[in-house]
Amino acid sequence: MSAPTYTLPFPRARRQRVETSRGMGLGESLATALEAIGANKLRSLLTALGIIIGVGAVIAMISLGQGASANVAQRLQGLGTNLIQITPGSQRGPGFVNVGAGTRQTLTEADAAAIQEQVAGISGVSPVISVNVQAVAAGSNWSTRAQGVYPVYQGIENWQPQAGTLFSDQDEQDGGQVAVIGQTVLDNLFGNGNTGSGNALDAIGQTIRLNKVPFTIVGVLASKSGDQDNTILVPFSTAHVRLSNLTYVGQIVVQASDVSQMDSVQAQMQTVLEQQHRITNGNDDFTIRNLNNIIQTAQSVTQTLTMLLAGVAAVSLVVGGIGIMNIMLVSVTERTHEIGIRTAIGAHRRDILSQFLIEAVVLSGAGGILGIVFGAAASVAVSHVAGWSTVIVPQAVLLAFGFAAMVGVFFGYYPARKASLLDPIEALRYE
Amino acid sequence: MSPATTDTSMPIVQVIDLHKDYHLGSNVVRALLGVSLTIMPGEFVAVMGPSGSGKSTFMHVLGCLDRPTSGEYLLEGISVKDLTHDELATVRNQKIGFVFQGFNLLPRMDALGNVMLPMMYAGVTRPEREERALAAIRAVGLEDWATHKPSELSGGQQQRVAIARALTNQPALILADEPTGELDTRTSIEIMAILQRLNNSGITIVMVTHERDIAAYCKRNILFRDGKVITDRLVEERRIALDDLAAIAQAREIVAV
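Here the protein sequences come in this chain order: A and B. At position 247 of the first sequence (counting the first as 1) the number is 244 in the numbering used here, and the numbers step up by one without a gap. Each number in the numbering used here corresponds to the 1-based position in the second sequence with 63 added.
Pulled out of the complex, with its shape left as it was, chain A reads as follows (with noise of 0.2 Å):
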């Protein structure tokens, strides 16, 4: 035999310690646990589909939330900030029938001018009266909604002209025949045969009938969201004297100057048109409204519901964790003999310990990879075919990967700890 010559590890001295030797790297463990994986690939992509459908399903559900809550904020962002709204109130018929809210017709300019007077921390006020026109231009007709308003109105509705100009205090005194046409009424009258989108420029100077009163257009808004682009603002003093000759108004709408003051604002417009409406009993004949309380409630709804989502969803990165533990611990007790094996030449309880570890981590790990590759294919795909907008938030893909890894390495754990700690001679004998 020709022996290979290499020098022992032990000095030949007598003593009563030994020196650890220096195990196994990193990268032994990590092939060792390949290898086992890679041995057993069905049941591998079976235990890791737990972790795979967890990790999809939380970054998917957040992603749709997340989507959701942009959608809501986006559309309440075109709703103007610290806006207070005053609508009349049921009215009463005889035999106390309710006939249903905002039907009173009890609001007039004249509440809004008186508002606008006494109190104090707003920065506009507008009346709005509402009416349903037929508007006729370029030979189209299309049925939609006439809001005679304030100029200030525009400011306060967050709207902006994507052409042209709004329409001027100028006009409002005047009671100019002016109006400004939103994204909806511009298709719809100026739309071009194929795309069915009308180009603002041909729009602006053009004539608009609205219930046969001619108007010029002299801007068109820009889009903010659907039902809202469906509407047309002309001056209120036009409106009231045009296309409308009552005397009472739909609503009144009021923007404080911060959000701090929006409760002493609501307060003192309460006191203003008890005063107005001569009311002394408490039976107010209108209904005041913040809207930031809306949209709080909105967001904090769609917040809720990803909450909740996604709560569902970790629990099934749960459930997933505890099939790793399930199969680890049959691949623990079928792999006995392998472990007395390893035990018996040499291995320590931290290589053991490792060695399946590093298994269930690389299980849950490249379950947690295949995941957010899942779930953010399923969020594209629900985007496009739905039609909801999906946000794919970083932090979520992170989060989800991370709790993932984690899952492995607590689910993992017992059952590499148990292996660990076989005893040599038990392992050997177990076939």
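If you're looking for bench data, these hints aren't it; they were derived computationally from the structure. Please read these numbers as outputs of a predicted model, since none were measured by experiment. By construction, the Cβ of each residue, glycine as well, lies at the ideal position given by its N, Cα and C atoms. Treat the hints with caution; some may be incorrect.
Said to hold, decoys possible - Stretch-level coverage of chain B by chain A, calculated; a stretch enters the list once three of its residues show a Cβ under 8 Å from a Cβ in chain A: (1) 151 to 164; (2) 174 to 186.
As the list claims (entries may be wrong) - Derived lysine-lysine pairs resembling BS3-like cross-links, with alpha carbons at most 27 Å apart: (3) B:Lys212 x A:Lys38; (4) B:Lys291 x A:Lys415; (5) A:Lys415 x A:Lys38; (6) B:Lys144 x B:Lys291.
Keeping the supplied structure of chain A fixed, place chain B upon it in accordance with the hints.
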């Protein structure tokens, strides 16, 4: 080559009044009842005895898989009794090469991978591991089978892989637990030929066997009964495995003619 050649005066194994009790429920099984013996470098010992005689327990203690209840076991001067679990693992890894009856190779790894395994736990770098493993595989004559998995090898070949694995960390002692127990006569003699050659090069070997024929290839026979050594003698007419193999080959030739 052998570590033993560096210091022949110091025993490889020194066992003094070894006791081992097992607790099975409320019963105490006294597997070893005061075993004392010394194995010097270069010895080739066969441990024999009926089942229940304590020879398996003795081998487990010798192999640092188990600790004695009382008594002293010095392996190359190191007192094994006080070592921790992981220190025992290091001793097994560095000082002892195991050869088992059932070969105990990892089925998913090829021969080379199996031989490299002990060195992986010793922290030997991969290139050195391969080099040393190939040298060991050559030493047992399996260089053409290095990339085969255990399932593709015969029993004799698997046992040679196991012997190669036992050699790689240059152990002070090779412990073989019925290494020929699952092999036919001719293959058994082949394995004994390899063990005799390793012993001739200076490696100390202790093996368990049931068969007197196999024990006759060793230099010293120890017989266990009821937890004690009852016979400990040198083999007088030692058989040489290579001679027997040549005789078998010759006999076959005659039959063929």
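| request: For the pair supplied as a hint, B:Lys291 and A:Lys415, confirm whether the alpha-carbon distance does not exceed 27 Å. | output: violated (35 Å)
| task | Count residues of the region 174 to 186 of chain B with a Cβ under 8 Å from any Cβ of chain A, then say if the count reaches three. | result | holds (count 6)
| B:Lys212 paired with A:Lys38 [C-alpha distance capped at 27 Å] | holds (19 Å)
| said: Run the distance test for B:Lys144 versus B:Lys291: straight-line Cα separation, threshold 27 Å. | reply: Holds: B:Lys144 and B:Lys291 sit about 20 Å apart, inside 27 Å.
| said: Checking one constraint from the list: CA of A:Lys415 to CA of A:Lys38, max 27 Å. Satisfied? | reply: OK: A:Lys415 and A:Lys38 at ~23 Å, within 27 Å.
| request: Examine the region 151 to 164 of chain B for residues whose CB is less than 8 Å from any CB of chain A, and state whether their number is three or more. | output: holds (count 9)
Checked against the numbered hints given earlier, this structure breaks only hint 4.
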